[in-house]
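Student: Here the structure of chain A is known, so what remains is to put chains B and C in place on it, guided by the hints.
Protein chains in written order, with the working numbering: chain A, 1 to 287; chain B, 1001 to 1326; chain C, 2001 to 2241.
Read the hints as simulated data drawn from the structure, not as lab findings.
Some hints here could point you the wrong way.
[To be verified] Looking from chain C toward chain A, a few residues come up when the C-beta cut is under 8 Å (computed):
1) LYS2031
2) ALA2075
3) ASN2076
4) PHE2077
5) GLY2080
6) ASP2118
7) GLN2125
8) ILE2214
[As the list claims (entries may be wrong)] In silico lysine-lysine, DSS-like type, Cα no more than 30 Å apart, as pairs:
9) LYS1088/B <-> LYS2233/C
10) LYS1052/B <-> LYS1190/B
11) LYS1052/B <-> LYS2188/C
12) LYS2031/C <-> LYS244/A
13) LYS26/A <-> LYS1175/B
14) LYS1088/B <-> LYS2188/C
15) LYS2031/C <-> LYS1190/B
16) LYS1175/B <-> LYS1190/B
17) LYS1052/B <-> LYS1315/B
18) LYS1315/B <-> LYS2031/C
19) LYS1022/B <-> LYS1324/B
20) LYS2188/C <-> LYS1076/B
21) LYS1076/B <-> LYS2233/C
22) LYS1315/B <-> LYS1325/B
23) LYS1325/B <-> LYS1013/B
24) LYS2188/C <-> LYS1193/B
25) LYS9/A <-> LYS2031/C
26) LYS76/A <-> LYS170/A
27) LYS1324/B <-> LYS2233/C
28) LYS1022/B <-> LYS2233/C
29) LYS1088/B <-> LYS2031/C
30) LYS1105/B <-> LYS9/A
31) LYS1013/B <-> LYS2031/C
32) LYS1172/B <-> LYS1076/B
33) LYS1172/B <-> LYS9/A
34) LYS1315/B <-> LYS26/A
35) LYS2233/C <-> LYS1013/B
36) LYS1088/B <-> LYS1175/B
37) LYS1052/B <-> LYS2233/C
Glycine is no exception: its CB is placed at the ideal position from the N, C-alpha and C atoms.
Listed below, chain by chain, are the residues.
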Amino acid sequence: MVGLSIGEKHFIQGGIAQDLRSDGRKRLTTRPIYVETGVISQANGSARVRMGATDVIASVKAELGRPNALQPDKGKVVVNVDCSPTAAPMFEGRGGEELSAELSVALQCCLLGGKSGSGAGIDLSSLVVVEGKICWDLYIDGLVVSSDGNLLDALGAAIKAALSNTGIPKVNVAAGASGDEQPEVDVSDEEFLQFDTSRVPVIVTLTKVGRHYIVDATSEEESQMSSAVSISINRQGHICGLTKRGGAGLDPSIILDMISVAKTVSEQLINTLDSHIAAAEAGEEES
Amino acid sequence: MRELQLSLNQTQKVRLQRALEKLESLSSKANSNASVTVADSIPVNYEDGLLKGHGTAEFNGEVVATVCGIVERVNKLVYVRALRARYKPEVGDIIVGRVIEVAPKRWRVEINYSHDAVLMLSSMNLPDGIQRRRTALDELNMRSIFEENDVICAEVRGFQHDGLHLQARSQKYGKLGRGQLLTVPPYLVKRRKQHFHHLENYGIDLIIGCNGFIWVGEHVHVTDDMVVDQVNKSEQDDAKPDENSISPEDQEKNYTRQETRGNICRAANAIRVLSTLGFNITVEVITETVDLSTSINVAIHEMLGSEFYVLVAEKESVRRSMTKKK
Amino acid sequence: MEYVSPEGLRLDGRRPMEMRQIRAEIGVVAKADGSALFEMGNTKVIAAVYGPREVQNRSQQLNDSALVRCEYTMANFSTGDRMRKPKGDRRSTEISLVIRQTMEACIMTHLMPRSQIDIFVQVLQADGGTRSACINAASLALADAGIPMRDLVTSCSAGYLNSTPLLDLNYIEDSAGGADVTLGILPKLDKVTLLQMDAKLSVETFENVMQLAIEGCKAVATYIREVLLENTKQLEYRRGI
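One chain only, chain A, in its complex shape (with noise of 0.2 Å):
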């Protein structure tokens, strides 16, 4: 982890307090975000996304399976995140095991909701091709290649450009498969349905440091950190999850306000990311 003088510690709260941070921005500026779209080409969609020094991989693969039998109309999303020991030696053999789960699960809860997946920001009933039979399970895998803070953000941001990215092959289903048989199916090459991802939000994390909160902390503005909120907010202004981590309490005041003030970046984020996508995309159409 890095560690800190106390006169870097002071420089740093100082900065958060006055408004102007150590690399100029202000407490609610995120650092310029950098998007490529289709980097790995096995996959059925995939995106880098950089934030300064972080830097991560998303990718979406989208294999066939059954429905769970309690959500027969639904289908199944797994996401799952790994820390690469390329981004710090601490990485390490099993020492990036911690923080992976930690970022899985915030990004379950932060895209998928509960259980029942009431709350996803993936519509997980356009994943059916046969009610109760066959859907698509869709693998979302984030890697982290560089690590300078905010990596929840930025792995966010980089699975909804993935998202964007993902071209589901379009299903066509044998007819007559009646009953109990599991059903026939041609899984074309051709044609792709494109993913819908209006409704994927983003994440905004606020990191309080001292008395007031930053967006897009570097590593050095989150060691000092007392707590954060994540919250996840889509296009439509709606709040899709929330994680709170950290040791220190907060106010209920303060993170009713807190959440006020993500939806307002949350608003700029999602407009330069989908423009950033769209260059992306148009990038590799070129290419």
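Tutor: Then chains B and C, alone, in the frame of chain A:
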């Protein structure tokens, strides 16, 4: 190839490309031909008693490079100057480092070298400034001088049997207070007479460590006298409130002034830009970059946006062609 | 199954002695001392080097040479069929060991006693030849970190299918059951440092296949050297003075 990880639009790409090509044409031709990669053989004249220096080895009667870099020849000595590598200490270098361990009679300091450096209690001036033997009490009070994670500035003393030793025998060395520490590749820092800079019009201190650690912080007044007046010193200590005991409100009043902070951040961002572009980092270039950003009214955080990178690259190409003409 | 068509073309349209497109990029991980990305066709790996630095675990410290460590990891999405493997399975451990031994042979470890060098290799996409790609990426990353080496190790694989020696097998050819020879050489010293083969071959065929792999390694070496030289030149002229 090392690619700049920036999102540039088409015109910015062309401009950056042009600026970099200009820099390439300006660089001395002798150097570009002397670039070698690992296992390239270096043409040498065996007759005049050759000395093989760093980055070279002999295989099958040939001198070959063992690192990527530039071949340098000094009289009979042939060596390869590596570019990107960890810091290689030389005696007398001024470095900035971070204390990672307080051990018996010594501190271990991380300085971007392949080992931790050692700063002995006996190789540094005591806070009271008196020259005397170090007692057991001094040893117990080591944490009051430096503790773990403190950023310090010191000088390379030399190699001893147990590793690289540092010394800090003057008031200008020692703990660095408020500011930020930046890391750049050490090859971008050139050894010069002066590594401490007090930029008066910004009110900031800039210490460009030879090891690629650069400190940008609030200006601290130092008295270079070996013996500081005892009474005077203790008064200063009393005036300084203990940071841990005061309330957050008081602490906020105690923060770095907004204006100074702005300057620190500007200088820090200038260094970040220069380091990403791979330009030599000197106090002149840093101040020029800071001035460029203020003269065209770029907000501090926008200095890390792609447009400013292009501007800095263009400015650098102009600057180098000017110095070349002279 | 036919892996080489009567016209002499392979499944992906290559000639038997043709390598896939290779691409290398240096400096892809901001915080590492040295890093590189290496692509061979669809195989894509990232290598990051940390060090030489103080040995983290004192008991492993070597008094006369540097401690070289290596970890190989595959991303979940790297293979065609997604699979979730626990970290440190036997295959990864074996490849880590192979990479470590190969790199250790070329690093001049005696120049950096009591220090530690970590090589982390991350496979982003696997399509055959991951071992080779990892070694090439690690070579580049070590050179980028400025670590003294005797020579650049380069690696390439070759196989034998439909009685034709094939250079640089992709995943389909690799899993066809024919022989797969992975070779690593020190091109300047002209020495073989890594040689692995599964399946059986007659001695004469093996000679041909190995010769082909050596040619492949040399082609990779030429490319890697170009990249490194260009990178060194760029660093130097950008720095100026």
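Student: When the nearest CB of chain A is found for GLN2125/C, is that gap smaller than 8 Å?
Tutor: With a minimum Cβ separation of about 6 Å from chain A (threshold 8 Å), the hint on GLN2125/C holds.
Student: Would you mind confirming whether the straight-line C-alpha gap from LYS1052/B to LYS1315/B stays at or under 30 Å?
Tutor: violated, 39 Å
Student: Has the given pair, LYS2188/C with LYS1193/B, been kept, meaning a C-alpha gap of at most 30 Å?
Tutor: violated, 42 Å
Student: Quick check on the hint: ALA2075/C CB to chain A CB, less than 8 Å?
Tutor: holds, 5 Å
Student: Take the C-alpha atoms of LYS1088/B and LYS2031/C, compute the straight-line distance between them, and say whether it is at most 30 Å.
Tutor: OK: LYS1088/B and LYS2031/C at ~19 Å, within 30 Å.
Student: For the pair we were handed, LYS2031/C and LYS244/A, check the Cα-Cα distance against 30 Å.
Tutor: Holds - the C-alpha atoms of LYS244/A and LYS2031/C are around 28 Å apart, at most 30 Å.
Student: Verify the proposed pairing of LYS26/A with LYS1175/B, using a straight-line Cα cut of 30 Å.
Tutor: holds, 29 Å
Student: Are the Cα atoms of LYS1325/B and LYS1013/B separated by 30 Å or less?
Tutor: holds, 27 Å
Student: Holds or violated: LYS1324/B and LYS2233/C, Cα atoms, limit 30 Å.
Tutor: Judged against 30 Å, a Cα distance of about 19 Å means the pair holds.
Student: Verify the proposed pairing of LYS1172/B with LYS9/A, using a straight-line Cα cut of 30 Å.
Tutor: holds, 22 Å
Student: Identify whether the interface hint at GLY2080/C stands, where standing means a beta carbon of chain A within less than 8 Å of its own.
Tutor: Holds. Min distance 6 Å.
Student: Need the status of pair LYS1088/B, LYS2233/C: alpha-carbon distance at most 30 Å?
Tutor: holds, 21 Å
Hint violations for this structure: numbers 8, 17, 24, 32, all remaining hints satisfied.
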